[in-house]
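Protein chains in written order, with our numbering: chain E, 5 to 393; chain X, 5 to 393; chain G, 5 to 393.
Everything labelled a hint here was simulated from the structure, so no lab data went into it. All values derive from a computational prediction rather than experimental measurement. Take the hints with a grain of salt, since some may be wrong.
Cβ-Cβ distance ranges computed for the label pairs, FRET-style [to be verified]:
#1 E:G202 x X:L273: 47 to 55 Å
#2 E:G274 x X:G121: 51 to 59 Å
#3 G:R385 x E:A119: 50 to 58 Å
Facing chain E, from chain X, some residues (calculated, C-beta under 10 Å) [stated by the list, open to error]:
#4 S57
#5 S58
#6 E203
#7 R206
#8 R223
#9 H256
Away from chain G, derived, C-beta distances all over 10 Å, residues of chain X [unchecked claim]:
#10 A44
#11 G109
#12 A162
#13 R170
#14 L269
#15 A319
#16 A325
#17 M378
Quick reminder that beta carbons are idealized off the backbone N, C-alpha and C, glycines included.
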Amino acid sequence: MVSAGLVPAGPVSFLDGVRLVDHHCHSVVDGPLDRAGFEALLTEGPGPARGTSSFDSALGFSVRRWCAPALDLPAHAAADDYLARRTELGPEEVTRRFLGGAGVGALFVDHGFAADGLLPPASLGTAAGAPVGEVVRLEAVAEALADAGVDAGGYGEALRDAVAARTAPSADPLPVACKSVLAYRAGLDVDPARPEPGEVARAADGWLRRRAATGEPLRDPVLLRHGLWTGLDTGLPLQMHTGFGDPDEDLHRANPALLVGLARLVEPLGVPLMLLHCYPYHREAAWLAQAFAVVHVDVGLAVPYIGARAATIIAELLELAPYGKVLYSSDAFGLPELHLLGALRFRSALGGLLEHLCATDELAPADAERVATMIGTENARRVYGRMPA
Amino acid sequence: MVSAGLVPAGPVSFLDGVRLVDHHCHSVVDGPLDRAGFEALLTEGPGPARGTSSFDSALGFSVRRWCAPALDLPAHAAADDYLARRTELGPEEVTRRFLGGAGVGALFVDHGFAADGLLPPASLGTAAGAPVGEVVRLEAVAEALADAGVDAGGYGEALRDAVAARTAPSADPLPVACKSVLAYRAGLDVDPARPEPGEVARAADGWLRRRAATGEPLRDPVLLRHGLWTGLDTGLPLQMHTGFGDPDEDLHRANPALLVGLARLVEPLGVPLMLLHCYPYHREAAWLAQAFAVVHVDVGLAVPYIGARAATIIAELLELAPYGKVLYSSDAFGLPELHLLGALRFRSALGGLLEHLCATDELAPADAERVATMIGTENARRVYGRMPA
Amino acid sequence: MVSAGLVPAGPVSFLDGVRLVDHHCHSVVDGPLDRAGFEALLTEGPGPARGTSSFDSALGFSVRRWCAPALDLPAHAAADDYLARRTELGPEEVTRRFLGGAGVGALFVDHGFAADGLLPPASLGTAAGAPVGEVVRLEAVAEALADAGVDAGGYGEALRDAVAARTAPSADPLPVACKSVLAYRAGLDVDPARPEPGEVARAADGWLRRRAATGEPLRDPVLLRHGLWTGLDTGLPLQMHTGFGDPDEDLHRANPALLVGLARLVEPLGVPLMLLHCYPYHREAAWLAQAFAVVHVDVGLAVPYIGARAATIIAELLELAPYGKVLYSSDAFGLPELHLLGALRFRSALGGLLEHLCATDELAPADAERVATMIGTENARRVYGRMPA
């Protein structure tokens with residue numbers, strides 16, 4: 005399913021036939037992008053520093069190498085030529101090429117972040133030729149609830165109702181998971197316990213007043229924990245941002261190891277905890293996945309960003325992570341290129357690792373085939389109770 | 005000493021003739037194991053998650069690849085075939101084959117954890133054809149003391165006496181080291197100072213009451229520190245659990261870097277601090293080994309668990325760790341397979357690294373020979389004042 | 005510029021023609037060294053532990069392999085032969101050979117630490133055949149000010165004047181940057197905000213009294229922060245020690261990730277923050293460099309210390325670090341060998357990585373040339389407003 009011209013470096017045979025489930029991604033920009041706009045989306049930072057270009061990075065060189073051919077340009081095309089050709093083809097065609105080239109079997113989309121100017125999830129699915137599930141961002145539901153008007157005493161129950169409505173199986177796209185960005189809002193080093201209703205009401209009283217006055221985002225730790233537990237109560241897998249992200253977070257306070265207390269509380273409930281991204285703390289995340297039945301991991305976002313080094317990251321992850329607990333995600337946002345690069349690098353990295361293990365007689369080819377399918381698609385299909393069709 | 009059929013991948017010549025000192029391990033299960041029992045011992049977690057198998061992991065694939073031939077099965081034998089053959093041979097023969105295949109020159113055994121149903125250390129030594137030393141687990145001594153009856157005011161001195169008795173050179177097996185599992189019980193981020201006698205008596209008063217009532221394990225930080233300093237006072241090397249372990253710990257609070265304060269206090273005393281496991285914080289542990297004369301390191305537990313990636317871990321450890329401060333351990337527990345895999349992966353990893361350094365002319369072969377012996381056996385023989393014969 | 009006999013392992017073509025800017029180093033010992041003295045400088049610790057040698061380390065083997073030929077000895081010469089030949093040639097000739105072999109285009113020297121017995125920076129530059137800039141160590145300026153006599157109420161302004169004088173463009177060598185060793189003195193986990201004048205006066209009152217009585221070094225967090233902000237106010241790039249160093253620091257409290265709060269405060273000011281060393285937290289530092297326009301990174305100190313593994317460290321750094329934000333430093337101190345090894349390993353590591361990326365068609369050769377120049381020299385020339393001539 006990887007079209008000619010997009011074949012990644014290294015052997016990928018074991019992943020060639022696997023339509024990946026991308027269990028966490030975002031949509032892509034709906035319109036044209038100039039060079040500044042494109043470069044701003046080629047980094048998790050605020051854009052390139054003065055005197056530098058985002059193209060001069062592992063991700064930037066990956067775009068010129070692996071995305072240029074999908075636009076009928078030679079590999080390593082110059083940045084300006086690349087952007088000119090992108091403009092010439094237009095956003096719709098560009099999106100179609102990159103999403104189509106990713107070869108995914110399903111896309112789970114978080115559309116609760118900076119969704120203005122992004123393609124609706126259904127259109128993203130059409131471009132990818134794959135069904136779309138929705139990841140319900142709990143903090144966005146809470147903020148919408150606050151803005152719609154709710155009193156502090158009723159906030160706790162009202163959020164429960166709002167999350168129930170947003171995750172109803174009749175919703176379109178099909179809700180498949182909840183998600184928390186606790187890491188961005190308060191850090192993962194908070195008390196993981198479910199707060200008492202009285203605490204929630206008191207915290208809501210403060211936040212609702214502040215939000216009405218200043219638009220304050222949901223950053224109150226009590227309300228964040230209430231949201232997280234409200235998500236867990238749905239029984240749907242709970243995705244959590246951990247590791248590498250944008251400058252709103254303190255990276256070291258997004259270390260997934262800090263979730264050990266939450267994992268202990270969730271373990272008896274059996275609700276899957278999906279640790280997203282994890283890099284550069286993926287070895288710690290892998291330990292959590294071994295130590296707790298409910299914990300699952302991916303190395304999304306890092307995979308498209310770090311170029312051919314994705315192979316090393318996946319090897320590091322698979323040191324301790326049980327192979328049945330590892331999933332694929334791109335965490336692509338904004339640029340359709342990231343959907344392609346995520347899939348391409350993941351196929352190349354995991355495929356190359358499996359090929360190497362076979363070549364050194366550490367793994368039998370039949371097991372390699374099985375592992376490729378497990379990590380690429382089957383783990384997601386097993387863990388997520390719902391799959392969009 | 006690695007028998008035919010067990011030859012690890014890659015060059016191992018420099019380690020071939022070295023009978024390793026395994027300076028930290030546990031004993032193995034004494035009886036037969038069914039599939040669930042075996043899979044539960046193939047992970048540091050509570051067992052495989054529903055819908056997954058512990059065989060689908062770096063460790064599981066290692067067993068099928070490297071242990072199957074020792075049971076006269078083809079490499080990569082199916083899990084069920086492997087377990088059937090294991091049952092057919094019986095625990096005694098299985099233990100003899102794996103321990104014998106490890107090629108160790110001495111085993112230092114911590115028999116103070118979950119010892120029910122494990123082979124006595126002397127029998128483990130017989131199976132390995134190697135003398136056994138004992139690692140005295142300080143928290144187990146304290147809990148035995150509490151259960152035997154002691155008053156709070158006399159607890160501090162009584163523990164000193166009990167540790168003296170347990171570490172007497174006349175004991176059999178020969179006590180070679182003390183060990184603390186502070187990381188599991190309170191985390192390594194506690195005040196490292198020796199507590200005052202009055203503090204100890206007060207803390208003992210509380211704990212002895214609670215233990216009598218509820219069986220509470222020793223988790224009081226004051227008493228843990230008292231135990232640790234009681235161990236240091238023996239002058240024997242003090243082993244400390246750090247890094248990767250079971251879900252009772254908070255991994256990030258088991259980071260050996262947190263022991264810097266203790267290292268500063270112990271440095272003038274000259275008592276060796278042996279940092280066990282360390283993974284995934286082995287680069288930080290390596291710095292401690294360079295910065296403090298008393299600090300020594302290993303990457304036990306990770307070595308058998310992470311498959312062929314052991315080579316990378318050892319390379320990372322040797323970036324900063326002085327070669328004279330690095331030791332071998334398996335940290336094998338329960339499955340005799342782990343004794344074989346620890347030794348086999350360590351030989352392959354360190355041997356392969358040394359071979360690579362010679363091939364790239366970074367190291368002279370005579371130095372490689374010397375380093376192999378140093379890390380495999382001589383460092384342990386130098387640092388441990390006592391060696392069982 | 006790397007003389008015959010010093011050619012590092014692996015392909016280095018892309019760096020061959022690049023005269024590196026070493027943006028952070030120290031001077032070298034001015035006189036002869038016996039074996040104990042030499043071994044004490046081959047480690048960041050207090051010297052080799054009893055029964056071990058500093059030569060048995062990645063750095064020690066590097067010296068025997070790569071420095072011996074520069075003294076007309078065979079590669080892998082024995083330590084005693086190496087030291088005898090060193091003595092025979094004398095410190096001046098040894099320094100000339102190693103500094104000359106480094107092939108640097110400029111040296112930025114921190115001469116504010118343990119400068120007794122070190123060559124004056126100008127002589128270091130002569131040996132290297134390169135101009136020298138000065139890195140002004142803020143804590144040293146503050147301690148000199150205290151010792152010269154200042155009253156607590158005037159301390160804040162007096163430090164500002166002293167730093168202004170020491171960083172004046174008319175000074176010789178040319179001051180190019182300020183530097184803080186906050187990591188050593190209080191840890192990086194302090195409040196990053198600029199302290200109020202009243203706080204500074206109160207803290208100065210305490211410290212000046214204690215220093216007069218006991219010689220206490222500057223460890224007060226308020227005064228350290230005042231120094232740091234005084235440095236930032238000059239507008240010169242601010243170098244900060246992070247990561248790997250000597251046992252005075254708590255390594256985990258020197259994690260550059262802890263500087264995220266400072267980075268947020270400095271971002272709107274546009275003053276470059278230069279994170280030095282970073283290892284083993286270089287992946288976290290790389291994220292900071294992507295997330296904040298003002299943040300720049302290097303992996304000095306680790307590069308000469310960890311042998312051929314420098315290649316891996318640089319590959320890990322370049323996963324997330326924008327290529328326009330990465331610089332070269334040796335952090336060499338005491339031994340001229342470290343100036344050579346820093347440059348040689350850096351050339352080999354970055355050159356080898358670029359060669360590999362070209363060989364796997366991830367990078368076009370013209371881009372590899374450009375990246376080599378960017379990281380080796382141009383980034384430093386762009387970021388530092390001043391360059392010595």
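Indices of hints not satisfied (ascending):
Numbers 2, 3, 6, 7, 8, 15, 16, 17 - these are the hints that the structure violates, sorted from lowest upward.
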